[in-house]
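Engineer: Given next are the chains, with one letter for each unit.
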Amino acid sequence: MPSLALPARRKVLMQGNEAIVEGAIAAGMRFYAGYPITPSTEIAELASEKLPRDGGRFVQMEDEIASMAAVVGASLAGRKAMTATSGPGFSLKQENLGYALTAEVPCVVVNVQRQGPSTGLPTSPSQGDVMQARYGSHGDYAAIALCPASVGEAYRLAVRAFNLAERFRMPVILLADEIIGHLRESVELPDPSELTVVDRARPTLPPGEHKAYRPGPDGVPVVPDFGTGYRFHVTGLIHGEDGSPTSNPKVVEQAVRRLTTKVTDHIDEIYEAEERDLADADVAVFAYGGTARAARRAVREARAKGLKVGLYRPITLWPFHDERVRAALQGRRAVVVPELNLGQMAREVERVAGAGTKVVRVNKVSGEPLTPGEILAAIEEVF
Amino acid sequence: MAAAEKVPVKRYLRLAKLPHIWCPGCGHGIALQALIRAIHSTGLSQDNTVIVSGIGCSSRASGYLDFDTLHTTHGRALAFATGIKVANPDLNVVVITGDGDAAAIGGNHLIHAARRNIGITCVCFNNTIYGMTSGQYSPLTPTDAYATTAPYGNIDTPFDLCELTKAAGASYVARATTYHARLLEKLIAKGLQNDGFSFIEAVVQCPTYFGRKNKLGDAFRMMKLMQERSVPVSKAAAMTAEELAGKIVIGELWHRPRPEYTKAYDAVIAKAGGGR
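From first to last, the protein sequence lines stand for chains A and B.
For the first sequence, our numbering gives the first residue as 45, with consecutive numbering after it.
For the second sequence, our numbering gives the first residue as 4, with consecutive numbering after it.
Source of the hints: derived by calculation from the structure; they are not laboratory data.
Think of the CB as a built atom: it goes at the ideal place given N, C-alpha and C, for glycine as much as any other residue.
Certain hints may be false.
[Unchecked claim] In silico DSSO-like pairs for lysine-lysine, Cα to Cα no more than 30 Å straight-line:
no., chain 1, residue 1, chain 2, residue 2
1, B, Lys266, B, Lys250
2, B, Lys13, A, Lys255
3, A, Lys294, B, Lys20
4, B, Lys169, B, Lys250
5, B, Lys250, B, Lys193
6, B, Lys274, A, Lys55
7, A, Lys255, B, Lys20
[Stated by the list, open to error] For the chain A half of the interface with chain B, some residues (derived, Cβ under 7 Å), not all of them:
no., residue
8, Phe75
9, Asp98
10, Gly99
11, Arg101
12, Val103
13, Ala114
14, Val116
15, Asn140
16, Gly273
17, Arg275
18, Gly350
[What the hints assert, rightly or not] Where chain B lies over chain A, by a calculated footprint (3+ residues, C-beta under 8 Å):
no., stretch
19, 121-131
20, 276-282
Extracted from the complex, chain A is given alone in its bound form (with noise of 0.2 Å):
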């Protein structure tokens, strides 16, 4: 039987599309759900080609809710899922991402960004989603997004991506951006048998003493997966421990807020950040996915003038991590904050950075990338 898994070891050229395929797969993916939307269509089709040599299946859905869904029912069907979409696709998906964040559900939802609003500039590069990965869909829960800088990293974030889904049970967001997207480079993939890969834990007591949604020491319920024997109750209404719904009100109150708390109380196992050159910097770049790169040759470049600058790049965008991002940009006289938006994460930045930190936001909102010049302008204009 061919394997799914590359060649281990071997340099590939690939593109950040592919990689986010190739990653998912290797962290088990078997099940793909979607409806086509650029610049995220490539996710699709190479899942369609790979699933099926490993008994994995495909699904060209009829929309994007029904994509959403399709995931959700495959997952509570003891398949890791996945979908992929961008801007537009993703609002239409908000719904049902609210639904697997409340049923908990392990799922991956890639949105590779494009130029917004609306159907705005589909092979067009942004930033513009961020915001909605951490509030679009509705009520109050937290999120998990995770934000690729090269296509190396898309590979390793896809994985993660079904780990920390598998391991707190709820969809986590490969916030990806076209830049990211569509670059191809090459990169040198890790061999399987190295990789961490996380499966959600299974009941270990029988049917009839197993409750559904009874959350675990850690706040993370052991959900059985259906046709198991469990019979068990699914549903998007506030439930209580057998997954039946409720009204009182001190279970909904538990239930509601551990939504968030068991994403903040292990946020120091879900943050991942990258810190370069801050140790002596007086200014801070704060910068992420594509844009990010740009950042990175800005401040290169920034130090062979002699500016002492340095990086702080987010790779876990949500949840924000207020204390690291304290520690790394307090004292300096200034963060950077370029993005491919009008200033989305700027804000959070700026709620952190502390008085006398001056937050300098350099946006584009104009479909082009962010380039290094740029940056380094506004790195020269604070010093």
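Here the structure of chain A is known, so what remains is to put chain B in place on it, guided by the hints.
Structural biologist: Quick look at chain B alone, frame taken from chain A:
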């Protein structure tokens, strides 16, 4: 006449979740019992059958049934069910939906589930009204009927969901009313045995929101009306369109087996060189 088999209906219910929330006289209990009896008669395993519902009065049924059950978002039950069936084709997947759920917000999923001929049995509890939100018109509310959002009478033309699903590609389509509870049971049972997409419309009385608004009387009178208006499919074949106006054609309306979706995908897996 042979005594009807005693069906252990309670075995299939989560008794702790009863009493149900349906209004007095609501037909959903009859439709639910017809489904339970059909599941019993076809011998489906309680452990290997998933019941999926959307949102609305009918969709509360999933909570009462002792199976793996999934109560989803409004209109999307068939899309969730498609994911379950494709992910694990060995599961029996049954969808309970309502007329608003299936025909309005879920209309797209209904035609595509039928088009794929995916192995799901969809039972639509059609009470011709939005019950849970208390009486707005649905895509199946008859023209000229009154609803809280049609205070001057409904100008919309209702869907015929059986014709719709048949045209879209369902391999089994049937209809009965709650007056014809035993026929409904038999039709659902046949749908469960069909390897492909089965659509069964259960015409159900809603005395509280549809009946009262349209002065149709209580549940008994509404069911009597169903009896008077129903025409068996064999008889309907010889009737003109004028004669059929306002009538409910009941029975097995369409049964034409064709390749089931997840089995067709097995061939894709074989072609790709994978094994299940």
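Engineer: Is the coverage entry for the stretch 276-282 of chain A by chain B consistent with the three-residue Cβ rule at 8 Å?
Structural biologist: It holds, with 6 qualifying residues against the three required.
Engineer: Arg101(A) was flagged as interface toward chain B. Is the shortest Cβ-Cβ separation under 7 Å?
Structural biologist: Holds, about 5 Å.
Engineer: Hint Val116(A) vs chain B: min CB-CB distance below 7 Å?
Structural biologist: 6 Å, holds
Engineer: Does Gly273(A) pass the interface check with chain B, least Cβ-Cβ distance below 7 Å?
Structural biologist: 4 Å, holds
Engineer: Please verify whether Lys294(A) and Lys20(B) have alpha carbons no more than 30 Å apart.
Structural biologist: The given pair, whose Cα atoms are some 20 Å apart, holds under the 30 Å limit.
Engineer: Would the pair Lys250(B) and Lys193(B) pass a check requiring their Cα atoms to be no farther apart than 30 Å?
Structural biologist: Distance of about 23 Å is within 30 Å: holds.
Engineer: Restraint: Gly350(A) near chain B, CB-CB cut 7 Å. Satisfied or not?
Structural biologist: 57 Å, violated
Engineer: Against chain B, with CB atoms and a cut of 7 Å, does the hint on Asp98(A) hold up?
Structural biologist: Since the shortest Cβ distance to chain B is 5 Å, the answer is holds.
Engineer: Going straight from one Cα to the other, do Lys255(A) and Lys20(B) come out at no more than 30 Å?
Structural biologist: 15 Å, holds
Engineer: Need the status of pair Lys274(B), Lys55(A): alpha-carbon distance at most 30 Å?
Structural biologist: Holds, at about 29 Å.
Engineer: Is the Cα-Cα distance between Lys169(B) and Lys250(B) 30 Å or less?
Structural biologist: Roughly 19 Å between the alpha carbons, so the hint for Lys169(B) and Lys250(B) holds.
Engineer: Does Gly99(A) pass the interface check with chain B, least Cβ-Cβ distance below 7 Å?
Structural biologist: Constraint on Gly99(A) satisfied, holds at 5 Å.
Consistency with the previously given hints fails for numbers 1, 18, ordered from lowest to highest.
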